[in-house]
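Colleague: Work out the full structure, taking the sequences as your base and the hints as a guide.
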Amino acid sequence: MKLHLPILVTLTLLFVAGCGTNSQKQSDEVSQKETKTELKEGEDHQTQANDKNSSDELLSATQVKETGSITIRAQFEMMVANTAGTFVVFKAPDDEEGVWYRIADETNDLDFAMGLRPGDSDSEYSGKWYEITYEMRTENRKGREQERPFILSAREVGKGGTDNAPQPAITFEDLKNAIFFGTEPFWSVEFKNSHMFYQDGPGQEKKRYNYVVESGISSPVKAISENAVQVNVWPAINGTDSYQRHIIIRKEPCSDGMSDNTYPYSIEINREDTEENGSGEIGKGCGRITNNLVKIEDIEQSQKIKNYTVAEVTYEPQSHFNIVLDGTFDFRGHFTINPMSDMLDFHVDENQRPGIDLKIGDFSRPLFASFHFTNEPQLKAVLGDRKMKQIRNGEQVKVNLVFRNYQVGGKIDGYGGASAEFVKLF
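According to full-length UniProt numbering, the sequence shown is numbered sequentially starting from 1.
A couple of the hints might just be wrong.
[Said to hold, decoys possible] Here are the computed lysine-lysine pairs in the DSS-like style, where the Cα-Cα straight-line distance is at most 27 angstroms: (1) 284 <-> 192; (2) 206 <-> 176; (3) 176 <-> 222; (4) 206 <-> 222; (5) 295 <-> 192; (6) 207 <-> 251; (7) 176 <-> 359; (8) 207 <-> 295; (9) 295 <-> 206; (10) 284 <-> 207; (11) 251 <-> 359; (12) 176 <-> 207; (13) 222 <-> 251; (14) 207 <-> 192; (15) 424 <-> 304; (16) 251 <-> 284; (17) 207 <-> 359; (18) 251 <-> 206; (19) 424 <-> 389; (20) 192 <-> 359; (21) 207 <-> 222; (22) 398 <-> 387; (23) 411 <-> 207; (24) 192 <-> 176; (25) 295 <-> 251; (26) 192 <-> 222; (27) 424 <-> 387; (28) 398 <-> 251; (29) 206 <-> 359; (30) 206 <-> 192; (31) 176 <-> 411; (32) 295 <-> 176; (33) 380 <-> 398; (34) 304 <-> 176; (35) 398 <-> 424; (36) 222 <-> 128; (37) 284 <-> 206; (38) 359 <-> 295; (39) 251 <-> 192; (40) 295 <-> 284.
Since the hints were derived computationally from the structure, they do not count as laboratory data. Quantities reported herein were computed from a predicted structural model and do not represent experimental measurements.
Modeller: As structure tokens, this is what we get:
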């Protein structure tokens, strides 16, 4: 599979839209020229279009509205360039000739067309269906105001509404709000708008990688199956580490191997050496999506985190951390028991978690996942012998639990554990 097109390609193109009596004539004239797109200097394409079509007829296949954006499904025809500017041509089902769209400054997802030779009507994209969004805008050209369609986005889809390619289970926006890490040894990955950071461990230099985007795809995230996506990156700085990395992220339960936590995503990083002598797996790890990171080193005593007050914070960079939250918490979850220590662990249901993660230097952990109790005998007495027997037998005993004085701590590059004081079941 050929990969090219770095994701950050800034394109400033002028697009004009229209079609009319001379559209077919222009196409015939264009096809006879080497560039296939040349028009006479100063010729106004929209004026030609208006010779045949009224303003309603101009976009007869697009359900024109007076205001707001319009979304339709149409087939890509070609990219055209002439003295009036550069255009993309799409053809709706009941449109015989196609509509020429000017690109707007905020247009997305048109990178696939930028690598085409203008006038080429037989490209790999010609005839493919796209969901395009456009809006009518008034433009002043040669002292005359004219209404023209400006394309805002174009996403490849199937004619009947089914996408030609599987939709990613994890989006690019998800990745940018994600925590991905591996242990033994520790490493971490951060996805940014234009690049990815890889770090071998706390305190180590972050290495920057640029995204590699396949032709015809506007995002670095490519769906490879129903529950998996792939991201390809290349080192931003050439050197001994100058090989491409293939990152596969799956939507599946994942264990970090150091705690009882189960994360919803797995990550696998492989490298492909340019000399084909150093390829192989770099590491496997886990990840979870979060939009709410709490940086331990930024927390001050008595600071509020949502509804919880920070009572105590101890943070030793590259060493240990400890955080205690004041407040009463009530969550739904289930118990497990350690057969060696006979200690109860409470696992908060994923959909009950407040969505807060601790960011400790370059290491991240969920604030609420599982923990044990400082007053465990009291909790066991409330549960009773029958439920304790069920827990020991591995049955999932679900409860609504109230606790307080939540405390989490451990090593920066490891996980010490978490505890809380049992209050009551409800």
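Colleague: Which hint numbers does the structure go against, in order from smallest to largest?
Modeller: none
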